[in-house]
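Trainee: Residue strings, one per chain:
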Amino acid sequence: MIDTGIRRGDLIDTDRLSIEEMKELFRRAEFWRNRPKTETPAYPGTYVANLFFEPSTRTRLSFEVAERRLGMEVIRFDEQTSSMVKGESFYDTMRTLAFLGIEVAVVRHAGGGILQEMSDRSPGPVLINAGEGEGGHPTQGLLDLYTLYRHFGELSGLRVAIVGDLRHSRVARSNLWALKTFGARPVLSGPESMRDPELEQLAPYLPLEEAIREADAVMMLRVQLERHRETLFHSAEAYRRVYGLTGERLEMMPPHAVILHPGPVNRGVEIDSDLVEHPRSKIFTQMENGVWIRMAVLERAIQGGV
Amino acid sequence: MIDTGIRRGDLIDTDRLSIEEMKELFRRAEFWRNRPKTETPAYPGTYVANLFFEPSTRTRLSFEVAERRLGMEVIRFDEQTSSMVKGESFYDTMRTLAFLGIEVAVVRHAGGGILQEMSDRSPGPVLINAGEGEGGHPTQGLLDLYTLYRHFGELSGLRVAIVGDLRHSRVARSNLWALKTFGARPVLSGPESMRDPELEQLAPYLPLEEAIREADAVMMLRVQLERHRETLFHSAEAYRRVYGLTGERLEMMPPHAVILHPGPVNRGVEIDSDLVEHPRSKIFTQMENGVWIRMAVLERAIQGGV
Amino acid sequence: MIDTGIRRGDLIDTDRLSIEEMKELFRRAEFWRNRPKTETPAYPGTYVANLFFEPSTRTRLSFEVAERRLGMEVIRFDEQTSSMVKGESFYDTMRTLAFLGIEVAVVRHAGGGILQEMSDRSPGPVLINAGEGEGGHPTQGLLDLYTLYRHFGELSGLRVAIVGDLRHSRVARSNLWALKTFGARPVLSGPESMRDPELEQLAPYLPLEEAIREADAVMMLRVQLERHRETLFHSAEAYRRVYGLTGERLEMMPPHAVILHPGPVNRGVEIDSDLVEHPRSKIFTQMENGVWIRMAVLERAIQGGV
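Chains as they are written, first to last, in the numbering used here: chain V, 119 to 424; chain L, 119 to 424; chain G, 119 to 424.
Just chain V, same shape as in the assembly (with noise of 0.2 Å):
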């Protein structure tokens, strides 16, 4: 019952998919968007535990779906502070979900590689990370770049403008590492004391009007104003002067270039409201696209890899 050999199905993060394996998922993506929801479940009896040790709602809501339309038995698990946070215990809980019949299970997490770690001593299903502290956030940035390669057609040398946080953003990073791979050209912009030196390393810091002036795709990140309480709180209008998507940032835009942001949106804040449901936002269109790779990813998972 307990695979130990290679872990084909895990899924740590997109600095480890080739642009074959990504592409395999837009085609699968693409596949269980034209299913009809009523058909024959395609994985009936494959169980899948949630194992949620941090808040989240889109991204375990999306997951859920995503596990009920392929078919699958779903188990919720969210004690967000369980015993079985760290290191060894988390090995037992592992082990336990796979004597217990459950062959996939997604993550979220407060980091510290125990992912990684998890993957490496592979004691128990599959392994998919839906969002790993300030490292990783692998099925965000794969839905991202396939919301860009539905619009565009290709990836290959669009230029990407990530915007805010970048230091604390998990989505960043992903998204980062999954253009480079296909070849795009992304670039960062943001307030100078939310840099992020490693980031950097993979795509220039802009100035932010330089950075949107050129960009195909503008991607706002949200400003986590619970982790800036004390300093962004009360400037939350500050920030949106200064940093904000605004009507007025949008003209400066390509006429072609489309609006990311991986909710939940700040309205007001990274990004203006009108702009939420402006017809080059592909707001919500990231949220049902997030579906269909998460019904990907899983089913990766369940055949141990593409």
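A hint or two may mislead.
Said to hold, decoys possible - BS3-like, lysine-lysine: derived pairs with alpha carbons at most 30 Å apart:
#1 V:K141 - V:K298
#2 L:K155 - G:K155
#3 L:K141 - L:K298
#4 L:K155 - V:K155
#5 V:K155 - G:K155
#6 V:K155 - V:K141
#7 G:K141 - G:K298
#8 G:K155 - G:K141
#9 L:K155 - L:K141
Derived from the structure by calculation, the hints contain no laboratory data.
Position chains L and G relative to chain V; hints supplied.
Mentor: Okay, now just chains L and G, sitting in the frame of chain V:
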């Protein structure tokens, strides 16, 4: 995917339902009551989200059973203190649910008219009000009337005494509207301090014994011990003496009159313990009927109105 | 809908099960073990509620997998500090569940004999005890015995050493009763301060080395670090030295003797980390067997007893 037209399937409160609509719901409740539990699900691949921003046991379980019996895919979403409780972000949550493929949202909320606002703005799934603050609780009203309708054969002219904490009761409100629509003759009673001028525009307020003496049905409201802790908690026995349904008061009711209570019951406060399962009590029948009525309401939501 | 007759399907504790009943449960566990995961569900349209008034991970997950594999509809109900924990309102909750169409209730509770009381008053669904305070944990006892039964072929005469915090262990209690019924020869050991006079009426208390030296199986109990924080937390290493199962003590056990532990394991406290997955450890086998035993117990509940 998003219906931005007339929202015929929303259920915000009973005041927006006609006699015909309610009778059709009763007919469908009757239909579902008679189906075997193991028959092929009627609505596979239909996703419903239960959003309970306030604690609830009975209503949530009742909806969940109803949803499962229809074969729907049930998504739970029960963050009680979510950042999504208020205005704009509630709207974004609804849109997100729609783009995740969720067609119906069952919402319990602290109130403030958010459900009506959402119904007007129509951002996503069809909405079912599962209890909104002190506003309304339409499925409770419908199941109460359905219980009376099954027992008496009709509702027109029926004398229903609603007794207790009128001011804080969403149950009283939803019942009153529906009873009036059917041409029943509701009366109100309860402590002076709990009277509600708005409700008294719909039905007369009477002294308790007068209210129950000619009633066909007596609906006891739950004393919100948790809300009135200061003044009431230590005087539960005092409440019982003055406003509780006791064996003595049962004697005053006409011999054919029945007892209703929305539950959960405070035995020995608003109703004596041995009356809860009295032959003339419909309290557990109400709970059973709640499943059939909610199936009918969910079906109406899926089909976009009756 | 409400069964008010003899409650043959309730599982309150192992002391009420005969050898024949337990053997039939083992046979059904064996049957379920050999069914493919994708076969047509055996009990569609059968509703079960999991009421966990105390935190639990393993037992809850194990029951949930068992229920799903039987094709049951699973209703979660996990308010840890519910107003329903006590007497009268627990009774009303049970009746409510019955009228909602729920046939089986799996209950974990802090104790006080509430399950026995509910079984006697019989207000609703068939009851399965999923752990009750320091009272009993019959499905754990059954899965432990099933594990030994599969390994040794029989239980009569088997020498089982139960070691650790006897006073607070519901696991020890449920095991002892069942072992005695089968004619096994249990012995007890552990810290003086954790002895339990009641259990010692069923089995002798021995010094640790004497207890394990002739054992066919050694069942290590979990040290409730959270209960003994004051006295024990800083002396986990001291506990290990005096009462832990170490490599050295494994050497003292007969070469054929196996290790059991109900989980979750405190590695390095009551058992050394490298013994958890030792070839002679049955710890993860116990977890797997738990699913099959719980399927058998649930089936017995649905069918109203074996």
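Trainee: Identify every previously stated hint that the structure contradicts and give their numbers, smallest first.
Mentor: none
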